[in-house]
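Top to bottom, those sequences are chains L and Z.
Heads up: the first sequence runs through residues 180 to 343, numbered per this note's numbering.
Heads up: the second sequence runs through residues 550 to 1120, numbered per this note's numbering.
By construction, these hints were calculated from the structure, which means they are not laboratory data.
It should be emphasised that the depicted structure is a prediction, and the values quoted were computed from it without experimental measurement.
Among the hints, erroneous ones may be present.
Simulated pairs of lysine-lysine, DSBU-like, Cα-Cα distance not exceeding 30 Å [stated by the list, open to error]: (1) LYS742(Z) / LYS252(L); (2) LYS620(Z) / LYS246(L); (3) LYS596(Z) / LYS242(L); (4) LYS1109(Z) / LYS242(L); (5) LYS698(Z) / LYS246(L); (6) LYS246(L) / LYS697(Z).
Quick list of the computed label-pair ranges, beta carbon to beta carbon [claimed, not checked]: (7) THR659(Z) / ASP280(L): 54 to 64 Å; (8) LYS1085(Z) / SER204(L): 47 to 57 Å; (9) HIS1039(Z) / ASN209(L): 27 to 37 Å; (10) GLY201(L) / PRO631(Z): 21 to 31 Å; (11) GLY201(L) / LYS889(Z): 18 to 28 Å; (12) ILE210(L) / THR659(Z): 43 to 53 Å.
The beta-carbon is built from N, C-alpha and C at its ideal position, and this holds for glycine as well.
Letter by letter, the chains look like this.
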Amino acid sequence: MSRHIISVLVENEAGALSRISGLFSARGYNIESLTVAPTEDASMSRMTIVTTGSEDVVEQITKQLNKLIEVVKVVDLSEAEHIERELMLIKVRAGQKEREDMKRMADIFRGRIIDVSDNTYTIELTGDGRKLDAFIQALDHGAIIETVRSGTSGIGRGNRVLRV
Amino acid sequence: MDRVKTSELSGAEIVVRCLQEEGVEYVFGYPGGAVLFIYDALFKQDKVRHVLVRHEQGAVHAADGYSRSSKKVGVCLVTSGPGVTNAVTGIATAYMDSIPLVVLTGQVPTHAIGLDAFQECDTVGITRPIVKHNMLVKDVADLASAIKKAFHIATTGRPGPVVVDIPKDVTAAVTEFQYPQAVAMRSYNPVRKGHAGQIRKAAQLLLEARRPMVYTGGGVVLSDASDQLRELVRQLGFPCTSTLMGLGAYPATDRQFLGMLGMHGTYEANMAMQHCDVLLAIGARFDDRVIGNPAHFAQNPRKIIHIDIDPSSISKRVKVDVPIVGNIPDVLDELLKLLKSDAGKPELKAWWAQIEDWRARDCLKYDRSSKIIKPQYVLEKLYEVTGGEAFVTSDVGQHQMWAAQFYKFDQPRRWINSGGLGTMGFGLPAAMGVQLANPGATVACVTGESSIQMCLQELSTCKQYRLPIKVINLNNRYMGMVRQWQQFFHGNRYSESYMDALPDFVKLAEGYGHRGVLVEKPADVEPALKDAFSRKGELVFLDFVTDQRENVYPMIPGGKGITEMILSEEL
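In isolation and in its complexed conformation, chain Z is listed as follows:
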């Protein structure tokens, strides 16, 4: 007699059960042929909610923004072929910034793989260089353990996106469901604790420093080490700077914070970086946008301590004296213990006097009497009107740099941008994820007229899910950063950087069912922002007509040294 085993589930049901087991609240996705069984299984339950985007790139960015602002894993579901290729930009974005995502992709049935089937692509091959790991599940019996592994790998060690490719017949096949409690892999065991001897050496160096500097990156945010960082920096009395990715880990309003460093970093941060005698690098990777030319950086001798979870980030571009591989909070806890037991505190008066001198250059000043709206002014007012409490996402370009410079982030996970890959189109979908992860919170998407057009379709998603994001469009009718480089380095030949035939953004916002507001005068900036942020339930698209000629300063030209900054024209 045949009996239906109640514990047997289809692959599609297993996928959904796994997501439930992992406590997944939202899946960002878009249906299609290869994932129809999974969508059917989603339909039959109400624990995991699905957010329907308008383009798969938006799904991945939304999951990414969700993760960055919530410490949770972002989950996406897309179909085979074009569903996957559309998602690729999002996956690469998350990979470059080490964001934990699980991306479930549909695949053609196993018997059709390799035969150029409809909507077939080699997902594992295409995504291989832009994921922490990926796998093709060919047998339903392996499905639950593959998904468990994906969550484990995405969230441990240096986080990153993991793609699980699931052929359609696997989602239809049935098997007994059992969700593994733990994952044991002989080939993957990320360290947590740092080497005790190295940490002792680091403590010694820090206490002997005369011109110390703390340089922090996205790793501090990702590992939730903000508390330990604050304690360490305050206890030592050291100056602290941050990369674009690390902003908020140390409060920007604190006197010991020198602002962001790097290509568009502050004068004082870059000068202190070059002239320090002991550099403590935490969860940062000395990339080209941060230290510029490594040979120039090496001209000044300094001892470098580098704490990072990823050994391959250490001594990659810059030789390090004291490498410490480990989970940042664990390492900083150990370091703090040593420093507390040590009475001596370095004497730093002369160093701080030097730093204050550099700070007095006031490198971020701009023309406040301008009759045209200055983008910096909009961001200053955005900061004031939101009380510094907003989650701010951004796209890529000048507006991104100004947001990083002028919005003073005092908390981690509030500043959400594509730092590594530099993906235009990131801001709006990311803001959707942020808003879903933080219902009731103030969410602003700082963007420009060029970037916003790259994922504009998501305004429709915002309407469907009633996401009251405030879009701050700094509209200078140019791809501003491209224009700036053309002005500086290409003899003012503005090749294809002018954005002609722009839409009427107010009407466009209205067309999607939102509120659109055009702001053309400096005096209208603050009232417009106040009005927009008072509308708690509404998406407001603020189109600010800003100065076309404004540039981001300071600027280190590509390939130059960290102190070879172009400061603003009037300096």
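Chain L with its partners taken away, still in its complex shape:
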């Protein structure tokens, strides 16, 4: 069992997303995260799916994805050098006592404070999943009010390109 990041170019049509998520649930494949948004070509969306499975299962996943009529291209990014990033917005307690510490913590992780109130900060943090996990770990659990994560997006390094 290993973690794979699968990138999918898909026709930007109604129902394409449910076709793909339906495939995963129908065949019992894992989804750790799934992100999707249109590309520079508005007729196409790009999806990043993080999944875990044996080599055989991941091979089946890519084949089954390719079989869907609206899927244009599928690539397993984790087969070669790639970059992955995830965005997290995290709202933390920041009263008079905690404000300084919290600011310093955000700086250490290269986070940005994007909203401030009398007793809260909202911090924006980007990185791979482990970095976001580490930030959460580093905070006092009671300090966290709310988190939202985008799920992983990925892209191949250098000349590795996924396009039509």
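On the provided structure of chain L, position chain Z as indicated by the hints.
For chain Z alone, coordinates are given in the frame of chain L:
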């Protein structure tokens, strides 16, 4: 000044024009509110004929049988809501067996979608996992291209059903009609030719084999590769077996054919499958009913070549050494070229001697002196009386397995059954489609007293369209296959498998305006069949009272290995 543009058509008219453009002969369907405009458009023309079934499940099975027996696309038309949900079993059946269908479904008007309107259901959502593709057409301007796409997708690559969901207001709206000549899709371009290097590797392996085996499936039938398969198998002198879905692609009466393999396959086919050193799999998918337990199958080392149009069928349950993705006839043509140019032919005497030993077990033997009608005997006689030339549809259960074992199909597209989904109720409506596709041909529906009751209402359709199908009802008063499993694996506890309160099938057939005949003695089997098949214009329902205790042998219990067969009691 307003002028009526003559080229403008309503959505409903466009639907019918598209079907005409595609050369559709028959639409199998059932009207309802959401498709009234389409039915009105059908009424105003006479090129596309409509067959009115009695239940939407029957419409899809009929279109399915039509397609399987004719190489053409089956077309259905059903209304929204319950029309669609009734069709679901039929669509799933076609999907599991890769049958090209275009299913047109009515939908509530676009402005009512999502508001729980009368007879509304999420058709695209409900059918999504059981179609090759589906689409909701929200704009009449997209209708013609959607239907063109549906036919294209259904028939190319690995075939399958495509659902086109059409809201009622779209069928009323008008637009200029233009039927696209071709379809170009960047996301869908099925391959045809196989990889040349892989085909060379395959040829090499085949020529070096000492214990080769050819294993064929429904893909050979669907891709019309029967001629190439015959040439290949004969040229190489290899033994050949087939799945339930592939029967007829290679002639069953030929000596090189070892019979069907799998759960109820022959001893020789299953043994050869396990002990071969090179396996050529063509258009088959190593499913659980074929090779049983994959770990057991892997115990014997062998090189596997797998030809299939669908990459996801390759190395799914069994690891393959030489995968070849492509259209089977194209790949076999290439393979044949290589094999012809090669003089060497493998020496197979020892292998054939071993196979003949296995064959001598005579695994399909049964008690021929029985005073009660044996189902196998009925099928043997059916084969004789029809000269092996009939189209045979079946339902699901013991009778299906016996038909597959005892009716020797020498031609493809003659054996029509629900292999993947195993849908009881398939046989009769499928036979209607077969008979319409092949007027004048002999069509038999082999069924049982339980299966036939699942789509019995279609006897009425048979009357309306004068379809002279011969129903071979093997009536053992049990859901026979359920009973057999309960006997073997559940301590003879026959939980709910007895069919009590059966109708009088003779009277029932007569009630629908057909001929019904009760056959209770072995001596009456052949005369009854002869009489029935001599009645060319009449549907005859033959109710054979058969042995309640008869089981299908050989049998591989679920989860067991392919050689772990239960042979008949007396063996």
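Results for each hint:
no. : hint                               : result
1   : LYS742(Z) / LYS252(L)              : holds (20 Å)
2   : LYS620(Z) / LYS246(L)              : holds (23 Å)
3   : LYS596(Z) / LYS242(L)              : violated (41 Å)
4   : LYS1109(Z) / LYS242(L)             : holds (28 Å)
5   : LYS698(Z) / LYS246(L)              : holds (16 Å)
6   : LYS246(L) / LYS697(Z)              : holds (19 Å)
7   : THR659(Z) / ASP280(L): 54 to 64 Å  : holds (56 Å)
8   : LYS1085(Z) / SER204(L): 47 to 57 Å : holds (51 Å)
9   : HIS1039(Z) / ASN209(L): 27 to 37 Å : holds (35 Å)
10  : GLY201(L) / PRO631(Z): 21 to 31 Å  : holds (23 Å)
11  : GLY201(L) / LYS889(Z): 18 to 28 Å  : violated (47 Å)
12  : ILE210(L) / THR659(Z): 43 to 53 Å  : violated (32 Å)
Hints 3, 11, 12 from the list above are not met by this structure, while the remaining hints are.
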